[in-house]
Amino acid sequence: MKVCENCKKVLPVSIKLCPDCGKELSVPKISDSYLKKFLEVDDRMLERFKQIRQQTIAEAKKRSQKSGPLTVLGVSGSARSEFDSAAQNSNSEFLLAAALKEAANLDAKTELVALRDYDIRPCKCCYSTTNAHCHFYCSCYPKGTPAGDDMSNMMYDKILGSDIIIFATPVNNFKISSHMALFLDRCISLDGSLTPADSVTPKNKELNIKHTKFIELMADQDIPGSGFLRRFVGKTAGVITTGHEEGASMVISQLFMTVNHFGMAFPPFSNMYAMATILQGTYVDKKFSTTEAFVEEAKDLARDLVAMATILRKENPAWRHDYSSN
Numbered sequence: 031m032k033v034c035e036n037c038k039k040v041l042p043v044s045i046k047l048c049p050d051c052g053k054e055l056s057v058p059k060i061s062d063s064y065l066k067k068f069l070e071v072d073d074r075m076l077e078r079f080k081q082i083r084q085q086t087i088a089e090a091k092k093r094s095q096k097s098g099p100l101t102v103l104g105v106s107g108s109a110r111s112e113f114d115s116a117a118q119n120s121n122s123e124f125l126l127a128a129a130l131k132e133a134a135n136l137d138a139k140t141e142l143v144a145l146r147d148y149d150i151r152p153c154k155c156c157y158s159t160t161n162a163h164c165h166f167y168c169s170c171y172p173k174g175t176p177a178g179d180d181m182s183n184m185m186y187d188k189i190l191g192s193d194i195i196i197f198a199t200p201v202n203n204f205k206i207s208s209h210m211a212l213f214l215d216r217c218i219s220l221d222g223s224l225t226p227a228d229s230v231t232p233k234n235k236e237l238n239i240k241h242t243k244f245i246e247l248m249a250d251q252d253i254p255g256s257g258f259l260r261r262f263v264g265k266t267a268g269v270i271t272t273g274h275e276e277g278a279s280m281v282i283s284q285l286f287m288t289v290n291h292f293g294m295a296f297p298p299f300s301n302m303y304a305m306a307t308i309l310q311g312t313y314v315d316k317k318f319s320t321t322e323a324f325v326e327e328a329k330d331l332a333r334d335l336v337a338m339a340t341i342l343r344k345e346n347p348a349w350r351h352d353y354s355s356n
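Residues 31 to 356, numbered by our numbering, are exactly what the sequence shown covers, in order.
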């Protein structure tokens, strides 16, 4: 990174002049005295920034070392249940269960979570203030406290423990379900977020901006975890959706872009959609969407996901992305 000594703006190395004041940018000398002056922090806070960096490097190393059976997490975003208002079970969840059963036949450890059964509260978009304002675990709903929710208390750990995640959702108004959208929004805490610099006041905006600037300066592309840590990297993703018309393609595209930017890998044929016909009433959809042909496609999807996850575990490729930003 480069910095403007005049207005202290941190900018990509490719930029020559500060867009605010027009002064020529320089590559800083990264000494403790420079960092304290540039960031306007004392020795204690600079050491705290360094401590978080070392913790994150250790976490990245630990997460790269995988063993044991592959684990597959099936995430169902459907609100439908025969015991609730819909009076009928979910088609997408039915196909998700078929995929998980096939993965289990391949010796994977599987779990299906229906998001409708969990208390997942809305993301407060702290990330948009500055990258280091969003924390892991989520500091808006702290894990193990009265303010915590099921995402902080349970779901993050389920995600972290998985090699494969299969996202299953119906088409709701040409998009993913509201349950799935809420879940994905809260996944941002796994996409780069770090421990708060101030554990007592984690939403100290000014301090978190300084922490972000520290990471921008100190991230080393040759050292995983030296900057922001993308915890989805190395995991494999699959998508199952059910619905009508072009809504299926919109749902798959939305999920693909989101979780691929989280860092997840997609093998060929990693998505499927089971569509009924608009020429008949929705009360006959189920017999179309749950036919044996779609069940077999769900099984094939599971086989391909397990194959990709097996390759990733064996090869452990170092996917390139910018550690100084997310």
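Hints listed in this document are in silico derivations from the structure and should not be mistaken for laboratory results.
The reader is advised that the hints may include incorrect statements.
[Said to hold, decoys possible] Here are the simulated DSSO-like pairs of lysine-lysine, each with C-alpha atoms no more than 30 Å apart in a straight line:
hint, residue 1, residue 2
1, K67, K317
2, K154, K139
3, K67, K205
4, K233, K91
5, K32, K205
6, K32, K59
7, K316, K344
8, K46, K91
[As the list claims (entries may be wrong)] Just the calculated beta-carbon pair ranges, DEER-fashion:
hint, residue 1, residue 2, range
9, T175, R343, 26 to 36 Å
10, K139, V57, 40 to 50 Å
11, N234, L309, 54 to 64 Å
12, I45, K316, 27 to 37 Å
13, N234, Y313, 51 to 61 Å
All values derive from a computational prediction rather than experimental measurement.
Each residue gets a CB set at the ideal place from its N, CA and C atoms; glycine is no exception.
To see whether the hints hold, each was checked on the structure:
1. K67 to K317: violated, 68 Å
2. K154 to K139: At roughly 33 Å apart (the allowed maximum being 30 Å), K139 and K154 break the hint.
3. K67 to K205: violated, 48 Å
4. K233 to K91: Within the cut-off at roughly 28 Å; holds.
5. K32 to K205: violated, 40 Å
6. K32 to K59: holds, 10 Å
7. K316 to K344: violated, 40 Å
8. K46 to K91: Judged against 30 Å, a Cα distance of about 35 Å means the pair is violated.
9. T175 to R343: 26 to 36 Å: holds, 35 Å
10. K139 to V57: 40 to 50 Å: holds, 48 Å
11. N234 to L309: 54 to 64 Å: Since N234 and L309 have Cβ atoms about 59 Å apart, the given range 54 to 64 Å holds.
12. I45 to K316: 27 to 37 Å: Violated, at about 56 Å.
13. N234 to Y313: 51 to 61 Å: Between N234 and Y313, where Cβ atoms are some 55 Å apart, the hint holds.
Hints 1, 2, 3, 5, 7, 8, 12 from the earlier list are contradicted by this structure; the remaining hints agree with it.
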